[in-house]
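Number of protein chains: 2
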Amino acid sequence: MALTEISTLGEFGLIKHLTEEFPLKNPESVKGVGDDAAVLDFSHDPDTRVLVTTDVLLEGIHFDLVYTPMKHLGYKAAMVNFSDIYAMNGMPKQITVTIGVSKRISVESLDALYDGIRLACERHQVDLVGGDTTSSVTGLTISITCIGTAAKDKIVYRSGAKVNDLICVSGDLGAAYMGLQLLEREKTVFLQTKDGVQPDFAGKEYILERQLKPEARRDIIERLGQAGIVPTAMMDISDGLSSELLHICEQSKVGCRVYEEKIPIDFQTASMAETFNMNLSTCALNGGEDYELLFTVPLALHEQVNQIKGIKVIGYITDESEGTALVTRDGAELTLKAQGWNPLKNPVE
Amino acid sequence: MALTEISTLGEFGLIKHLTEEFPLKNPESVKGVGDDAAVLDFSHDPDTRVLVTTDVLLEGIHFDLVYTPMKHLGYKAAMVNFSDIYAMNGMPKQITVTIGVSKRISVESLDALYDGIRLACERHQVDLVGGDTTSSVTGLTISITCIGTAAKDKIVYRSGAKVNDLICVSGDLGAAYMGLQLLEREKTVFLQTKDGVQPDFAGKEYILERQLKPEARRDIIERLGQAGIVPTAMMDISDGLSSELLHICEQSKVGCRVYEEKIPIDFQTASMAETFNMNLSTCALNGGEDYELLFTVPLALHEQVNQIKGIKVIGYITDESEGTALVTRDGAELTLKAQGWNPLKNPVE
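Residue numbers (the working numbering), protein chains in the order written: chain F, 1 to 349; chain Y, 1 to 349.
Heads up, some of the hints might be wrong.
Copies of one chain are not kept apart here, so a pair can be met inside one copy or by any two copies together.
Using 30 Å as the maximum straight-line C-alpha spacing, the simulated DSBU-like pairs for lysine-lysine come out as follows [to be verified]:
1. Lys187 with Lys262
2. Lys71 with Lys337
3. Lys309 with Lys187
4. Lys204 with Lys31
5. Lys31 with Lys337
6. Lys31 with Lys162
7. Lys162 with Lys71
These aren't lab readings, by the way, just hints derived from the structure by calculation.
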């Protein structure tokens with residue numbers, strides 16, 4: 001079947017085509033795509049605050065279309081934005097999606113991208129309310145802005161961690177990074193093999209899914225809410241545990257101790273690190289793209305937090321003067337460094 | 001003086017550097033740059049609605065750095081977003097700015113970009129509250145989301161035009177397009193001349209400014225508000241008068257008659273069109289990037305609208321069955337066509 005060129009639809013035709021299957025569901029979404037701006041209503045509760053976050057994904061920097069299915073890419077692009085809203089202890093409500101596309105991208109390919117965005121929106125009860133579509137001289141550009149809400153007295157900033165607070169993380173760390181390593185290796189093998197041998201990913205499904213189709217932790221926010229727990233500080237882990245923890249410590253003006261042995265790591269992550277002969281703790285500390293939640297709670301909530309599924313205590317907050325350190329398995333203290341994934345460290349021309 | 005490479009600052013250093021001189025001014029802006037999301041407060045008035053719009057500018061598609069000063073580019077990128085909020089009869093309050101930059105862009109160059117954004121924000125009383133910064137494999141990418149407010153019973157959609165309403169535009173049309181033609185011609189001359197002869201833009205300042213540094217019409221919205229006038233339909237003119245008018249007619253399910261002789265055109269625009277041997281009305285109808293306001297008001301408001309500085313009545317709304325037409329100077333009727341500037345019509349690979 002021949003693919004459809006986007007030029008056959010035109011800009012407005014394309015926007016209409018891509019967004020027509022996004023019926024508005026939230027009462028806060030008054031008017032979506034189709035005018036100069038979307039119209040939202042947050043007046044139902046005077047104690048509601050509005051959260052806004054934005055993230056851009058650029059081809060060649062954040063994703064490689066050689067091994068990234070468009071549907072997964074759409075899902076992930078939406079999810080990384082939802083994750084930022086959850087990290088404020090809020091709930092995502094609306095997104096706007098802006099894409100820059102080159103001629104080689106077909107309408108069918110964009111349909112798959114929007115299928116992924118739609119799935120993410122359905123699962124997290126978010127409305128697509130606007131966006132912009134343009135051509136791009138080069139690669140695919142996806143810029144998403146997410147709007148959410150939170151109760152004004154339950155918003156969690158990075159700056160609220162206090163001495164003796166417990167440091168907690170959801171899920172496990174390093175898997176997305178190991179998934180990326182595996183995909184990069186298989187891409188190299190694929191390109192070097194004349195016959196284009198298909199890679200065997202059996203037994204590696206988890207780390208691949210963590211890289212290609214991460215899930216923002218709405219469930220953790222809901223469980224914390226049900227337990228009546230409001231963290232003192234919170235962030236989502238996009239650049240790596242070390243980097244995010246240093247942000248919290250810097251903005252809260254505190255120090256920390258994190259125990260290497262407490263960092264949650266999945267079996268597939270550990271197995272892959274061994275295959276690649278990489279240091280497992282380094283992967284978990286600096287890997288990035290986990291989209292798990294990192295937060296602190298008062299020491300008094302130790303029992304309550306321990307009872308919540310999917311949360312692990314990995315350390316505690318100290319006075320600023322004690323610095324930020326990782327306590328290794330043999331009891332040594334190593335100063336934490338932000339070696340996280342930083343797309344500006346080695347900008348490509 | 002040597003220019004500073006962005007890699008010396010790192011992602012977080014760069015964001016901090018670029019955004020530190022944007023103090024929050026609006027009471028609706030609770031928390032700006034520096035956390036996972038910005039926090040906004042729209043709870044002061046239950047009749048307030050929140051508007052959200054987003055626009056992306058890509059190098060090679062929307063701007064050419066050969067003749068676009070970075071400060072002007074920043075100003076324009078902010079302004080095109082403000083314009084969308086005004087076109088809903090709202091007031092812009094916050095923006096988030098996301099940039100993708102290649103290695104060849106210096107910190108000083110980004111400073112100039114943000115100087116332009118800052119100037120636009122100061123003039124229109126808008127707070128910069130967030131964003132994202134990343135490297136780009138190729139050109140400069142600027143994606144801005146603007147949040148605004150409007151009284152719920154005064155929001156103006158594209159769909160409200162009624163038969164016999166007057167069609168009005170602010171300012172004059174076609175100037176930004178002629179400015180672009182002039183810049184493109186001078187670029188060609190410059191590139192063909194070995195000595196790099198500097199172009200002479202004397203007497204062309206107005207059309208150049210219209211292209212490089214457009215001004216969103218906050219003043220028109222304020223004057224309409226002072227006169228107690230709520231348009232029945234409104235859009236800003238970014239793709240050209242024809243294209244926008246067809247949007248209003250389609251969404252309002254009406255027709256229109258626009259008088260060629262009534263379309264406001266500046267002297268410099270007319271003079272430049274003559275130099276280029278281009279049809280002046282075509283330039284004014286299809287030129288695009290004017291960022292003027294196109295709106296409709298009930299016939300009964302004719303006198304009131306005429307008294308407002310900077311607004312001109314150019315035609316009227318008809319029944320849908322009468323079609324959409326331009327009435328030429330000799331009384332002929334030509335069907336309006338959307339030949340506006342469409343960045344998807346000829347996507348570049």
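Quick rundown of the hints versus the structure:
1. For the identical chains of this complex, Lys187 and Lys262 are neighbours neither inside a copy (33 Å) nor across copies (62 Å), given an alpha-carbon limit of 30 Å.
2. For the homomeric pair Lys71 and Lys337, neither the shortest alpha-carbon distance inside one copy (35 Å) nor that between copies (36 Å) is at most 30 Å.
3. For a Cα distance limit of 30 Å, the shortest separation of Lys309 from Lys187 qualifies neither inside one copy, at 36 Å, nor across copies, at 63 Å.
4. Taking the shortest Cα distances, Lys204 and Lys31 never come within 30 Å of each other, neither inside one copy (43 Å) nor across copies (41 Å).
5. Only between protomers do Lys31 and Lys337 lie at most 30 Å apart by alpha-carbon distance; the minimum there is 27 Å, versus 46 Å within a single protomer.
6. Taking identical chains as interchangeable, the C-alpha atoms of Lys31 and Lys162 lie at most 30 Å apart only when they sit on different chains, with a minimum of 20 Å there against 42 Å within one chain.
7. Taking CA atoms no more than 30 Å apart as the test, Lys162 paired with Lys71 passes in neither setting, with 41 Å inside one copy and 42 Å between copies.
In terms of the numbered hints stated before, the structure departs from hints 1, 2, 3, 4 and 7, listed from lowest to highest.
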